[in-house]
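Asker: The residues making up each chain are set out below.
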Amino acid sequence: MQFPTTSSPFTPASNTVNRVMLQVLIALLPAIGIMFWLFGNTLLIQLLLSCSTALLAESCILWLRKKPIRMHLLDLSALVSAVLLALAIPTVAPWWISVSGTLFAIIIAKHLYGGLGYNPFNPAMAGYVFLLISFPQQMTAWQLPFDVISSATVLDHTKTQLGLDFSLDKIRTSPLFGYAAGKGWEYLSLAYLLGGLWLLQRKVISWHIPVAVLLGLTIPALTAYLIDSSRFTSPLFQLFSGATFCGAFFIATDPVTAATSNKGRLIFGALLGSLIYIIRTWGGYPDAIAFAVLLANLAAPSIDYYIRPKRT
Amino acid sequence: MYSDYSKILSNGLWHNNQALVALLGLCPLLAVSNTVINSLGLGLATTLTLILSNLLVSSLRQFILPEIRLPLFVLIIAGVVTIIELIMHAWFYELYKILGIFIPLIVTNCAIIGRAEVFASKNRIMPSILDGLAMGLGFSFALVVLGGFREVLGSGTLLAQADLLFGNTAKNWKINVFDDDSSILLAILPPGAFIGLGLLIALKNSLELRLQATKPVTPKVYE
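Protein chains in written order, with the working numbering: chain A, 1 to 312; chain B, 313 to 535.
Isolated chain A, as found in the complex (with noise of 0.2 Å):
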């Protein structure tokens, strides 16, 4: 009797797109868990309204563009585009806001640019950026935990109190602050922490863009902090507020929109972390993940146009 032969090395089927995307997906559940211990029910909505939405325009539009429907579908990339697109959406925010949002992620970001590993944009984050800009008022609004009122994210509560010339020491006695950053929210970024560092180990990530980001965040802030402690908020505050554990893991991390050698990719996450700084401290809007984002996704092909990885 034969046995089929196959060479060394004998590991498990590569990184498909597919277990990729489930990884990435089991990486978020610590975070889901935490926002739904946070948020409750609420989140739950969002998230199948998000889901389901993705499906169903997805499969709308690889029928229109005459696409192998179930494999796409299985890929599953969709389907994380539109959990973090759920978990960056205020929770109380009304239904039609996360179906428009993931819409435009979905058929705009992604299929009018060619679908999945042609989009220049993270579908995600530029469903947000929609939302963001089109509905200012329902995507601000946080029904705030262990609070009764909606009010505003820590980072929004600094730049305004920052804006009127308090100090931050005084800012910082607000109820709405924790240990390092937001009450609640810090724990949140952990959970973020701590699913993004299972990727590393699992090899779905590589190191360069996540340390490239937290010290493009954390290198200014220092500085700054440093010079006037009064007017700057701490690095602390930066790494545990708003998304940015999110955005170093998760969000910048797509293989699609970042750059691609590691030169390139250390440049991209530098680029992405400096510019999430500059839109906190001197930009109109309280979290800069998305635009920052954005941003660096349209300088990823310039950096790779000019950082080839040399020929040998």
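I should point out that these hints are in silico values taken from the structure, not numbers from a laboratory. One should not assume that every hint holds.
[As the list claims (entries may be wrong)] In silico DSSO-like pairs for lysine-lysine, Cα to Cα no more than 30 Å straight-line:
1) B/Lys516 / B/Lys319
2) B/Lys434 / B/Lys319
3) B/Lys409 / B/Lys483
4) A/Lys66 / B/Lys486
5) A/Lys67 / B/Lys516
6) B/Lys409 / B/Lys486
Being a predicted model, the structure only gives us computed values, none of them experimental.
Take the given structure of chain A and dock chain B to it, following the hints.
Answerer: Here is chain B on its own, set in the frame of chain A:
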């Protein structure tokens, strides 16, 4: 003769639409198309410019030396635009204020110098006027459709401020499509113009493909 004229018309309105096919004059097209009335105002001003500049270029075509034709075209167009700007200043002052710099900028609209170069400098006066009219109406059509799309999505209205163009009788023409609480702000911001124009061109191309697909069938029906 008749087929010539109908060809000029169909080229201007559809097959060689300056905005959707030639992609000329995009700067005013994208910047001003945030409401139907703004679009219509600029579209009509551009149409008038096209007609007058085509008329002048065509009637002067024997005297224009080929070596210096471009500066002369620019001079003629700039003169025509100045006349139109003064007319709007006199009779449509509010609209003139809203459109602002985009009225003098009609001079730089490539569609106009394009028609002078390609058509008016080589054809007799009547066809040139018709070409100007057709090209202008085609451009206005694209502008108004884009303006309507952006106005409905972005502010939830249609034909707002129609009195700027049509006088006081038009004050109640405004249609509220839905309340402006849930309007998509992005549509009236610059990205909305780019996305809207892209969708419009895609729509035009798909209509074209559909027409072409049905064309070979039609003669057989009549046989």
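Asker: None of the hints should be skipped; say for each whether it holds.
Answerer: Status of each hint after checking the structure:
Annotation: proposed proximity of B/Lys516 to B/Lys319 holds, straight-line Cα distance about 19 Å (limit 30 Å). Distance check on the hinted pair: B/Lys434 and B/Lys319 sit about 16 Å apart at the alpha-carbon level, within 30 Å; holds. Restraint check: the Cα-Cα separation between B/Lys409 and B/Lys483 comes to about 18 Å, which is no more than 30 Å; the hinted pair holds. Straight-line distance between C-alpha atoms of A/Lys66 and B/Lys486 comes to about 42 Å, which puts the hinted pair past the 30 Å bound.
A hinted pair counts as satisfied when its Cα atoms are at most 30 Å apart, and A/Lys67 with B/Lys516 qualifies at roughly 23 Å. Only pairs whose Cα atoms come within 30 Å are accepted, and B/Lys409 paired with B/Lys486 is accepted, the gap being roughly 20 Å.
Checked against the numbered hints above, the structure violates only hint 4.
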